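Participant: Sequence:
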Amino acid sequence: MPRFVESTKRDPYRNFNFRVLFNNLEVAACRKISGLTGTVEVVKFRSGNSPSSVDELSPGRVHYEPLTLEAGLTQDTTFRDWATQLIRHEATPGFRAAEPDFRRTVEILVFDLDFNRAVKKFVLRNAWVSKFTAMSELAAEANEILIESLEVHHEGFTLEPVV
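Going by the numbering used here, the first residue of the sequence shown is number 1, and it counts up by one from there.
Incorrect hints may appear among the rest.
With a cut-off of at most 20 Å between alpha-carbon atoms, the simulated DMTMM-like pairs for lysine to aspartate or glutamate come out as follows [as the list claims (entries may be wrong)]:
#1 Lys-121 / Glu-160
#2 Lys-121 / Glu-70
#3 Lys-120 / Glu-41
#4 Lys-32 / Glu-65
Label-pair restraints from in silico Cβ distances [stated by the list, open to error]:
#5 Gly-72 / Phe-115: 16 to 22 Å
#6 Phe-45 / Val-162: 39 to 45 Å
#7 Leu-73 / Leu-159: 28 to 34 Å
#8 Glu-56 / Glu-26: 45 to 51 Å
#9 Pro-161 / Val-54: 36 to 42 Å
#10 Ser-58 / Leu-36: 24 to 30 Å
#11 Leu-159 / Arg-88: 32 to 38 Å
Because the hints were derived from the structure by calculation, they are not lab data. Being a predicted model, the structure only gives us computed values, none of them experimental. Quick reminder that beta carbons are idealized off the backbone N, C-alpha and C, glycines included.
Generate the whole structure from the sequences, applying the supplied hints.
Facilitator: Shown next, in the form of structure tokens:
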């Protein structure tokens, strides 16, 4: 009697099991993360003596899109504290934006379906807040959670081994 071959197929990871860390400290539960994108510019080149009318293409500079983090508004002040560092810089004469904690390492850990173990780890280097939304829209007839959000610029991200 033939036996069934054990499947080697792996189910894709779900998008709802994740954690966020700023400088190795876990942040209050984020509900949404978007914008983890890197783009390489295309540099076109054609020499004047080339017999071809087709441009040669080479990779150019790399650009990273800002990351958007959203979380439910709670008593946790992690988002606000980081965001207001630069806001205070603009409002307070003599405040130095170059203080050591102005830029942070942001880690995004993706977990397996059962939330037992981290399976992916994205690390953003030299991240800093460029936009802070203190709370989402208030509406008397609504029935929604208040959301705070950060837009974070960074100098690149890597996918690192999970330890």
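Participant: Are the hints correct? Go through all of them and say.
Facilitator: Right, here's what the structure says about each hint:
1. Lys-121 / Glu-160: holds (6 Å)
2. Lys-121 / Glu-70: OK: Lys-121 and Glu-70 at ~19 Å, within 20 Å.
3. Lys-120 / Glu-41: violated (27 Å)
4. Lys-32 / Glu-65: The given pair, whose Cα atoms are some 16 Å apart, holds under the 20 Å limit.
5. Gly-72 / Phe-115: 16 to 22 Å: Given about 18 Å between the Cβ atoms, the range holds.
6. Phe-45 / Val-162: 39 to 45 Å: Holds - the Cβ-Cβ distance for Phe-45 and Val-162, about 40 Å, lies within 39 to 45 Å.
7. Leu-73 / Leu-159: 28 to 34 Å: holds (31 Å)
8. Glu-56 / Glu-26: 45 to 51 Å: With Cβ atoms ~48 Å apart, the hint holds.
9. Pro-161 / Val-54: 36 to 42 Å: holds (41 Å)
10. Ser-58 / Leu-36: 24 to 30 Å: holds (25 Å)
11. Leu-159 / Arg-88: 32 to 38 Å: holds (34 Å)
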